[in-house]
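Asker: Chain residues, written in single-letter form:
Protein chains: 2
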Amino acid sequence: MKNILIIGAGRSAIALINYLETHAGDNDWRISVADKEIKQLEGQILSSTRVLKFDLFNQEQLDNEVVLSDIVVSLLPASLHPIVAKVCLAKSVSLFTASYESDEIKSMETEIKAKGLLFLNEMGLDPGIDHMSAMQVLDRLKEDGHELKAFESFTGGLVAPESDNNPWHYKFSWNPRNVVVAGQGGTAKFIQEGKYKYIPYNRLFRRTELIEIEDYGKFEGYANRDSLKYIDRYHLENVPTVYRGTLRRTGFCRAWNVFVQLGMTDDSYVMDHLEGMTYRDFVNSFLYYHPSDSVETKLYRAMHIDQDSDIIHRLEWLGIFEDEPIGLKSATPAQVLEKLLTEKWLLQEEDKDMVVMWHKFIYRLDGDSNDTCLTSSLVVEGQNSVNTAMAKTVGLPLAIAVKLYLQGKITQIGVHIPTNKELYEPILKELQSYGIVFNEVITS
Amino acid sequence: MKNILIIGAGRSAIALINYLETHAGDNDWRISVADKEIKQLEGQILSSTRVLKFDLFNQEQLDNEVVLSDIVVSLLPASLHPIVAKVCLAKSVSLFTASYESDEIKSMETEIKAKGLLFLNEMGLDPGIDHMSAMQVLDRLKEDGHELKAFESFTGGLVAPESDNNPWHYKFSWNPRNVVVAGQGGTAKFIQEGKYKYIPYNRLFRRTELIEIEDYGKFEGYANRDSLKYIDRYHLENVPTVYRGTLRRTGFCRAWNVFVQLGMTDDSYVMDHLEGMTYRDFVNSFLYYHPSDSVETKLYRAMHIDQDSDIIHRLEWLGIFEDEPIGLKSATPAQVLEKLLTEKWLLQEEDKDMVVMWHKFIYRLDGDSNDTCLTSSLVVEGQNSVNTAMAKTVGLPLAIAVKLYLQGKITQIGVHIPTNKELYEPILKELQSYGIVFNEVITS
Numbered sequence: 001m002k003n004i005l006i007i008g009a010g011r012s013a014i015a016l017i018n019y020l021e022t023h024a025g026d027n028d029w030r031i032s033v034a035d036k037e038i039k040q041l042e043g044q045i046l047s048s049t050r051v052l053k054f055d056l057f058n059q060e061q062l063d064n065e066v067v068l069s070d071i072v073v074s075l076l077p078a079s080l081h082p083i084v085a086k087v088c089l090a091k092s093v094s095l096f097t098a099s100y101e102s103d104e105i106k107s108m109e110t111e112i113k114a115k116g117l118l119f120l121n122e123m124g125l126d127p128g129i130d131h132m133s134a135m136q137v138l139d140r141l142k143e144d145g146h147e148l149k150a151f152e153s154f155t156g157g158l159v160a161p162e163s164d165n166n167p168w169h170y171k172f173s174w175n176p177r178n179v180v181v182a183g184q185g186g187t188a189k190f191i192q193e194g195k196y197k198y199i200p201y202n203r204l205f206r207r208t209e210l211i212e213i214e215d216y217g218k219f220e221g222y223a224n225r226d227s228l229k230y231i232d233r234y235h236l237e238n239v240p241t242v243y244r245g246t247l248r249r250t251g252f253c254r255a256w257n258v259f260v261q262l263g264m265t266d267d268s269y270v271m272d273h274l275e276g277m278t279y280r281d282f283v284n285s286f287l288y289y290h291p292s293d294s295v296e297t298k299l300y301r302a303m304h305i306d307q308d309s310d311i312i313h314r315l316e317w318l319g320i321f322e323d324e325p326i327g328l329k330s331a332t333p334a335q336v337l338e339k340l341l342t343e344k345w346l347l348q349e350e351d352k353d354m355v356v357m358w359h360k361f362i363y364r365l366d367g368d369s370n371d372t373c374l375t376s377s378l379v380v381e382g383q384n385s386v387n388t389a390m391a392k393t394v395g396l397p398l399a400i401a402v403k404l405y406l407q408g409k410i411t412q413i414g415v416h417i418p419t420n421k422e423l424y425e426p427i428l429k430e431l432q433s434y435g436i437v438f439n440e441v442i443t444s
Numbered sequence: 001m002k003n004i005l006i007i008g009a010g011r012s013a014i015a016l017i018n019y020l021e022t023h024a025g026d027n028d029w030r031i032s033v034a035d036k037e038i039k040q041l042e043g044q045i046l047s048s049t050r051v052l053k054f055d056l057f058n059q060e061q062l063d064n065e066v067v068l069s070d071i072v073v074s075l076l077p078a079s080l081h082p083i084v085a086k087v088c089l090a091k092s093v094s095l096f097t098a099s100y101e102s103d104e105i106k107s108m109e110t111e112i113k114a115k116g117l118l119f120l121n122e123m124g125l126d127p128g129i130d131h132m133s134a135m136q137v138l139d140r141l142k143e144d145g146h147e148l149k150a151f152e153s154f155t156g157g158l159v160a161p162e163s164d165n166n167p168w169h170y171k172f173s174w175n176p177r178n179v180v181v182a183g184q185g186g187t188a189k190f191i192q193e194g195k196y197k198y199i200p201y202n203r204l205f206r207r208t209e210l211i212e213i214e215d216y217g218k219f220e221g222y223a224n225r226d227s228l229k230y231i232d233r234y235h236l237e238n239v240p241t242v243y244r245g246t247l248r249r250t251g252f253c254r255a256w257n258v259f260v261q262l263g264m265t266d267d268s269y270v271m272d273h274l275e276g277m278t279y280r281d282f283v284n285s286f287l288y289y290h291p292s293d294s295v296e297t298k299l300y301r302a303m304h305i306d307q308d309s310d311i312i313h314r315l316e317w318l319g320i321f322e323d324e325p326i327g328l329k330s331a332t333p334a335q336v337l338e339k340l341l342t343e344k345w346l347l348q349e350e351d352k353d354m355v356v357m358w359h360k361f362i363y364r365l366d367g368d369s370n371d372t373c374l375t376s377s378l379v380v381e382g383q384n385s386v387n388t389a390m391a392k393t394v395g396l397p398l399a400i401a402v403k404l405y406l407q408g409k410i411t412q413i414g415v416h417i418p419t420n421k422e423l424y425e426p427i428l429k430e431l432q433s434y435g436i437v438f439n440e441v442i443t444s
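Chains as they are written, first to last, in our numbering: chain W, 1 to 444; chain Y, 1 to 444.
These are calculated hints, taken from the structure and not from any lab test. Since the structure is predicted, the reported quantities are computational estimates derived from the model, not experimental observations. Check before you lean on any hint, since a few could be wrong.
Since copy identity is lost for identical chains, a pair holds within one copy or between any two.
As the list claims (entries may be wrong) - Straight-line C-alpha distance at most 20 Å; calculated SDA-like pairs for lysine to any residue:
| # | residue 1 | residue 2 |
| --- | --- | --- |
| 1 | K149 | S292 |
| 2 | K91 | L56 |
| 3 | K298 | Y196 |
| 4 | K229 | Y196 |
| 5 | K195 | A331 |
| 6 | K229 | S99 |
In isolation and in its complexed conformation, chain W is listed as follows (with noise of 0.2 Å):
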């Protein structure tokens, strides 16, 4: 018998779980499921499934489900990973995440090598499945003795077209916070014909562009962090542009970015006189002072935005301009601004979420004098707020993985994400089972 311990139950959990059930049984395993705050697993789960109340910082605790353990998956917070992973390391226990690896972790890896074992990150949607499909082109790509001129990347996790009932197109199917403070992590990088492209967070969200996938319509595409790490990563040495980036609905953007301009998503410094303070008087907070104009014109002119743009329409919708009172006593305006937008943006429980992937490869046979362009484009829509597209993008990968590492199909050890054929071969196929199928189309 097999254990597999899984750290963390929300939203991403059920997927993983529910896969991980389904070949339980075949394959002896015993599964396990750790979090703070279990209720939410109520009748999603197996009986045969245990399910124990923890506390990551239950040191006692933590010791003892690892050890007996064959394999962790933390789906906490990326934060929270290399508590799990020095644990992990310490009892000899394979780690997998959905997670960017982390320097901290990457440290690890001498260590992790010698005791062979596995720290695999990156194995969920973005990052995991966009890693997965487009090395599977780029390796084929490369086969084929083609010469790759760009490689763009593009992924979204948004509402599905029948849910989709607000003037900004968006609803949250996964972790707000990440949503609101997004792009904060650092400048963007990326090359663009042999150039070296840099963004600034108070520009990206104006530096955007247009996509149309077949029969789903108009996206826009913000740069996503450092581009450049994945001309290492997938093998794009002196590709002349690698530019990776996230889809929002056409128009989300623009709107967004007077969130950006105005200050208010910094998460950098707490409102210590929100008290009684409105949605209305935070905005004012973020305008200049004015005896008789009114929030909104002073808004308006600010951002130097017509009166009857779709952008007021949005900012309206959202209530920001309402008289409504926080309920805060203190935060960051980041916190602020998530607090609304949760309440606006919320999956209903029969909305449908959908991921959307677009990875774009141009590239030249040698001896042709045409370039030809292929992009390959994903669109995942969920059942309801519980079974979202964003939980079963996420988890399946993640689960694939845990059952072909203890199949013993996989061999790699150290410390990885999931760009090399072992993994993706067997794990996109797998996929395809679940509706996770990429559509490619060539033009010239």
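Got chain W; can you put chain Y on it based on the hints?
Answerer: Okay, now just chain Y, sitting in the frame of chain W:
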């Protein structure tokens, strides 16, 4: 005999040293000046002043010098003060600086008090003379029974009109790096008409206030750091407007904002690919890719400025569009910009700098039906690029405070800034004999 140890012999040191030298004979002082570079002092100081080549990280040397001293003055960069402060505390020696009081030094206060020492910070120009000159008026208004409605305070280190020969109307009279990263220390905070106001970095240089000073014309001010801190420090509780800022000549901020918007002042990441790049390439790396548009055109479009705007004139004058090699292999954007500006905004040998300070107080006497406005302004011009107004206005208050302290005329102990009468009265009075005189104008 009393020993004065001055650590750091940078731009502001000469005025400080010369003042102390003048008073050394009468007071039986021995002056030591310690720095890793001491050449710049040649010909500027008396032979009786001891000059020592000094390594701050040589703990033995630091310990030995501090223990011999009756007072230490640190003119080092602010981040290095805690190193000196720890030794001063251990050896029971008082410490004076012209830098902002740090949390690290504030945390030592209990011990400093227990030993009867005084750690006096913010004893230069800004911070320094600003505190003293503001508090003198504020205390007077309070004594006269006036109710304060608004307090605003602006300071700038600029270039004197007769040496002002560039379109930015600016030259460096202090650390260029501080000018490049100005405003990046956190969101600017203040209170206006009873409303808390926050300005993020990307809006800082667009939210300026116009200020006119008799005989010197127009200036513009942008918000400086956290003005809310001064409510407590200046005893301004319940004053509806408290605003502190930095002065530039009009038009500076609008043009500087281009650098801020494009990300050219970013100091948070290193550009690794600078080798062989020109300033034109540098600018281009912050602009969108276009197969044929020039760098100039792309910048105009991205910033929504007209080709004949005076912003363009300023940018062109700096040479940012020139194909001149940067000459750095790797550097942050801020470091690249600093290199260019240091060449262009250099104070030439015979150039005169200019320090400008401006306070505004709006108040009302009980029973009056109208507000009264009092402005208090200071303009000091330098003699040349060595005897600058900046060195004089930073160095002299510090020097006078050292004199008063060694003469036993300062009774405060603990960690302080010069906001109380015991300090500001004698110091401001003596500064007048050096031409540091405020001009008060009352309007109703």
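Asker: Since the copies are identical, ignore which copy is meant and state whether K195 and A331 lie within 20 Å (CA to CA) inside a copy, between copies, both or neither.
Answerer: This pair counts as between: shortest inter-copy Cα distance 17 Å, intra-copy 40 Å.
Asker: Is the C-alpha distance from K229 to Y196 at most 20 Å within one copy, between copies, in both cases, or in neither?
Answerer: Classified as within; 12 Å inside a copy, 41 Å across copies.
Asker: Should K229 paired with S99 be assigned to within, between, both, or neither, using CA atoms and 20 Å as the limit?
Answerer: Close inside one copy (16 Å), not across copies (39 Å); limit 20 Å.
Asker: For the identical chains here, do K298 and Y196 meet the 20 Å Cα criterion within one copy, between copies, both, or neither?
Answerer: For K298 and Y196, the Cα distance is within 20 Å only across copies (16 Å; inside one copy 37 Å).
Asker: Could you figure out if K91 and L56 sit no more than 20 Å apart (CA to CA) within one copy, between two copies, both or neither?
Answerer: Within one copy, since 16 Å is at most 20 Å while 45 Å is not.
Asker: Could you place K149 and S292 in one of the four classes (within, between, both, neither) given a Cα distance threshold of 20 Å?
Answerer: For K149 and S292, only the inter-copy Cα distance (19 Å) is at most 20 Å; the intra-copy one is 56 Å.
Of the numbered hints stated above, none is contradicted by the structure.
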